[in-house]
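Undergrad: Here is how the chains run, residue by residue.
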Amino acid sequence: MVTARRAEPRLHLRLYIAGNAPNSLLAVANAKSLCEEHFAERHVLEIVDLLEQPLRALADAIIVTPTLLKLAPLPAYRVIGNLNDRKQVLLTLSTNDE
Amino acid sequence: MSSELLSSGALERRLAEADATIAALLSGQIDAVIDPRTSTPLLLSAAQSALRESEERYRHIVETTHEGIWTLDADTVVTFVNQRLADLMGYAPDEMVGQSVFEFFPEFFSAPGAPGVPHLQRGHAEEEAVAVSRRDGSKMWALIKTRPICDTNGKYVGILAMMTDWTRHRDAEEALRRNEEQYRQIVETTTDGIVKVDASACIVFTNRRFAEMLGYEPNDIIGMHISEFSSEDAPPGAPAALLSHRPGEKNAFDTSYRRCDGTLVSVNIASVGLFDEGGLCCGSLAVVRDVTNQRRLQSQLMVSDRMASVGTLAAGVAHEINNPLTALIGNLEYINECMASTAGDLKDVYATGRSMRATIPEPLQDAIEAAQRIRFIVHDLKMFSRAPVDVKGSAVDVIAIMESSLRMAWNEIRHRAQLVKEFSPVAFVDASEARLGQVFLNLIMNAAQAIPEGHADENHIRVGIEQTGARVTIAVHDTGAGIPPENIGRVFDAFFTTKAVGIGTGLGLAICHRIVTDIGGELTVESLEGRGTTFCVSLPASECLALDAPTGVALRGGTGRRGRVLIVDDEEILLRLLSRSLASDHDVVALSSGKDALALCAKGERFDMILCDLMMPEMTGMDLCSELARVAPEQADRMVFMTGGAFTARARAFLDASEHPCVEKPFERATVLAILERHILRSPSGDGPA
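From first to last, the protein sequence lines stand for chains S and B.
Using the numbering used here, the first residue of the first sequence is number 0, and each one after it goes up by one.
Using the numbering used here, the first residue of the second sequence is number 717, and each one after it goes up by one.
Misleading hints may appear alongside valid ones.
[Stated by the list, open to error] Beta-carbon label-pair distances, calculated as ranges:
{"no.": "1", "chain 1": "B", "residue 1": "Ser770", "chain 2": "S", "residue 2": "His11", "range": "22 to 32 Å"}
{"no.": "2", "chain 1": "B", "residue 1": "Glu728", "chain 2": "S", "residue 2": "Glu51", "range": "26 to 36 Å"}
{"no.": "3", "chain 1": "B", "residue 1": "Asn869", "chain 2": "S", "residue 2": "Asn83", "range": "17 to 27 Å"}
[Said to hold, decoys possible] Here are the computed lysine to aspartate or glutamate pairs in the DMTMM-like style, where the Cα-Cα straight-line distance is at most 25 Å:
{"no.": "4", "chain 1": "B", "residue 1": "Lys1381", "chain 2": "B", "residue 2": "Asp1339"}
{"no.": "5", "chain 1": "S", "residue 1": "Lys86", "chain 2": "B", "residue 2": "Glu728"}
{"no.": "6", "chain 1": "B", "residue 1": "Lys912", "chain 2": "B", "residue 2": "Asp881"}
{"no.": "7", "chain 1": "B", "residue 1": "Lys1311", "chain 2": "B", "residue 2": "Asp1353"}
{"no.": "8", "chain 1": "S", "residue 1": "Lys69", "chain 2": "S", "residue 2": "Glu40"}
{"no.": "9", "chain 1": "B", "residue 1": "Lys1098", "chain 2": "B", "residue 2": "Asp1113"}
{"no.": "10", "chain 1": "B", "residue 1": "Lys1381", "chain 2": "B", "residue 2": "Asp1082"}
{"no.": "11", "chain 1": "B", "residue 1": "Lys1137", "chain 2": "B", "residue 2": "Glu1085"}
{"no.": "12", "chain 1": "S", "residue 1": "Lys69", "chain 2": "B", "residue 2": "Asp751"}
{"no.": "13", "chain 1": "B", "residue 1": "Lys855", "chain 2": "B", "residue 2": "Glu811"}
{"no.": "14", "chain 1": "S", "residue 1": "Lys69", "chain 2": "B", "residue 2": "Asp735"}
{"no.": "15", "chain 1": "B", "residue 1": "Lys861", "chain 2": "B", "residue 2": "Glu728"}
{"no.": "16", "chain 1": "S", "residue 1": "Lys69", "chain 2": "B", "residue 2": "Glu733"}
{"no.": "17", "chain 1": "B", "residue 1": "Lys1381", "chain 2": "B", "residue 2": "Glu1287"}
{"no.": "18", "chain 1": "S", "residue 1": "Lys86", "chain 2": "B", "residue 2": "Glu811"}
{"no.": "19", "chain 1": "B", "residue 1": "Lys1381", "chain 2": "B", "residue 2": "Asp1286"}
{"no.": "20", "chain 1": "B", "residue 1": "Lys1098", "chain 2": "B", "residue 2": "Asp1146"}
{"no.": "21", "chain 1": "S", "residue 1": "Lys31", "chain 2": "B", "residue 2": "Glu1380"}
{"no.": "22", "chain 1": "B", "residue 1": "Lys1381", "chain 2": "B", "residue 2": "Glu1085"}
{"no.": "23", "chain 1": "B", "residue 1": "Lys1137", "chain 2": "B", "residue 2": "Glu1182"}
{"no.": "24", "chain 1": "S", "residue 1": "Lys86", "chain 2": "B", "residue 2": "Glu933"}
{"no.": "25", "chain 1": "B", "residue 1": "Lys1311", "chain 2": "B", "residue 2": "Glu1380"}
{"no.": "26", "chain 1": "S", "residue 1": "Lys69", "chain 2": "B", "residue 2": "Glu728"}
{"no.": "27", "chain 1": "B", "residue 1": "Lys1381", "chain 2": "B", "residue 2": "Glu1049"}
It should be emphasised that the hints constitute simulated quantities derived from the structure, not laboratory data.
Just so you know, even glycine gets a beta-carbon here, dropped at the ideal spot from N, CA and C.
Could you build the full structure based on these sequences and the hints that come with them?
TA: So this is what it looks like as structure tokens:
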């Protein structure tokens, strides 16, 4: 079990939002609860508010908020929208090439 | 290869992302779009959701409002209805949309004069309560508000209309109207006058009855001040009395108002003050009842009661008259017999004369005395039967009236009690003789009836008259049954009586109380049950001296000159008597008709005195007088009237106005002689009239 756990790769997520806009708040809540439920202690969720840090959108070529980036494990994915379709989101996040 | 594959995979991913972005955008999951040139996020969501919310809000309002809402296009085709309107009309919304509005509201849009479409096209909003028919044919009152819809260029493109179910409102209005109508009918058909005045006592409302009572048109009376109707007879401060109220206090008083034509109307007023929220008096509402007839009936009732008293006493009075009448007739018959028995023996003149001197004087004296007694009784009766017009009264002698009353009631008293009279000399009082007599008679009768018959020596009725200061007090005390304490407060109430039905009207003391109060006096009662009762009348003493000084003081001796007298009376006995008694000293012509007398004077006959009965059939004394004034004015001045006391209103007015002497029957020879002497003295000295 310990070995198995160690073998699990770390999930790295970045969520771009726009302040307190309703879909952004929904996306934050959905992302947090998904991670808590399915990736408990082996995830990193980074939340970037573009109203505060607009220039960071440039690096990841973000064109709308909310956008969730799956950075690791590969393949990288981006999910657009408020993450209400949790089943689909979970499927995407669980895709693992490694 | 790998790059190709990679790039192909990347492209696929980018396309998938673009799809996802568009889908998210369309489903409203996007908050902001990032401008790639400036990296500035453009917030979409605020504007979008605000619009959506606003739309939601309006939809909510439109669908939940109590008003039916619908829109028409420029061709009056229904383009939208809300659920409420469809419900009100009994349709489903999609049954109405697309139809012409005239299908549903023909009355509203096409009735002549109704607010139609052309009107709306000019841009006027309308509001109208109309009856509309539902799908099932039932009628509904609806308030329809319409306003034109114009596009941004101001061009008319249709109508927005709202409809409210007005049926309940209409019913409430109808109920209110009916209610008001009911109150108006009550106010207008009541037999009492109703008047409302403002704080300055000006009339702000009256019903028709109040206006009629005062002889005005209802519209003319509005705005008049209540004091414009006040009369001098009204108690002072009566107009103010309509206003001087505290909240909740009711006020009732009697007064009299002057009508438009100057006549007076007696009214009873019940008023209540009107107050604003601050408790300030803002007027008064009064119910005014015309009691003129009631007052008249009251005074008639007083006379009736007096007559009833006399009626009750009639048997007693007849008895009083019968005694002296027996003596009178008996003595006269005795004298007549004496005369007849001596008439046959005319040869012995001396013996006849002596016999007559011995036998006649005593019975003759008795006959005269008996006749005098009858005269008093008749005088007393006359006092009580006076017409009700002499209410003004003058200074009258209380003791004389009491004596008369006691004589009237004597038959009631003597079987029950001993009469004790304690009369001190007192001043005259201002009153009507008849009414005061009615009071005394009532009190005496009550005293007598309180005592059972048969123990006259054990009971007494004490009548006291005395004066203290400016008041004359008359007390009537009896040793009768007394009045139980529970009844003493009611003895002056009208119709209160403890006597059996048919005995007494229960009005006597109530009327006494009113009579006494009317002349400024007081009537009080004290009673000990089983010991007796005292009624006490206290009257203000008159400031006048007695006017009714005894007249007809005979001139002893006279002028000694023979006069010429014409006597006119339809009563033959009186004619013969007067001829007999005057013939020794004067020349007498006796006629039984006024016409004959007039004819005689017209022929030139002249008299020192014409003694004429006032009331005669055919030509009355008054007629003769006025005819003589035309034919022989000098003779008219010499008329002296005789009257038995049965006055008509005309006779009373005539006597009040004329300066002719009037002698009341029965009169004494001396009275007539005295007047005749005065007339002879007025005649030219020498041998008198031709």
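Undergrad: Next step is simple, just say for each hint if it's right about the structure.
TA: Taking the hints in turn, this is what the structure says about them:
no.	hint	verdict
1	B/Ser770 - S/His11: 22 to 32 Å	violated, 41 Å
2	B/Glu728 - S/Glu51: 26 to 36 Å	holds, 33 Å
3	B/Asn869 - S/Asn83: 17 to 27 Å	violated, 44 Å
4	B/Lys1381 - B/Asp1339	holds, 20 Å
5	S/Lys86 - B/Glu728	holds, 22 Å
6	B/Lys912 - B/Asp881	violated, 39 Å
7	B/Lys1311 - B/Asp1353	holds, 18 Å
8	S/Lys69 - S/Glu40	holds, 16 Å
9	B/Lys1098 - B/Asp1113	holds, 16 Å
10	B/Lys1381 - B/Asp1082	holds, 20 Å
11	B/Lys1137 - B/Glu1085	holds, 24 Å
12	S/Lys69 - B/Asp751	holds, 22 Å
13	B/Lys855 - B/Glu811	holds, 20 Å
14	S/Lys69 - B/Asp735	holds, 18 Å
15	B/Lys861 - B/Glu728	violated, 60 Å
16	S/Lys69 - B/Glu733	holds, 13 Å
17	B/Lys1381 - B/Glu1287	holds, 12 Å
18	S/Lys86 - B/Glu811	violated, 44 Å
19	B/Lys1381 - B/Asp1286	holds, 14 Å
20	B/Lys1098 - B/Asp1146	holds, 20 Å
21	S/Lys31 - B/Glu1380	violated, 137 Å
22	B/Lys1381 - B/Glu1085	holds, 16 Å
23	B/Lys1137 - B/Glu1182	holds, 11 Å
24	S/Lys86 - B/Glu933	violated, 94 Å
25	B/Lys1311 - B/Glu1380	holds, 23 Å
26	S/Lys69 - B/Glu728	holds, 17 Å
27	B/Lys1381 - B/Glu1049	holds, 24 Å
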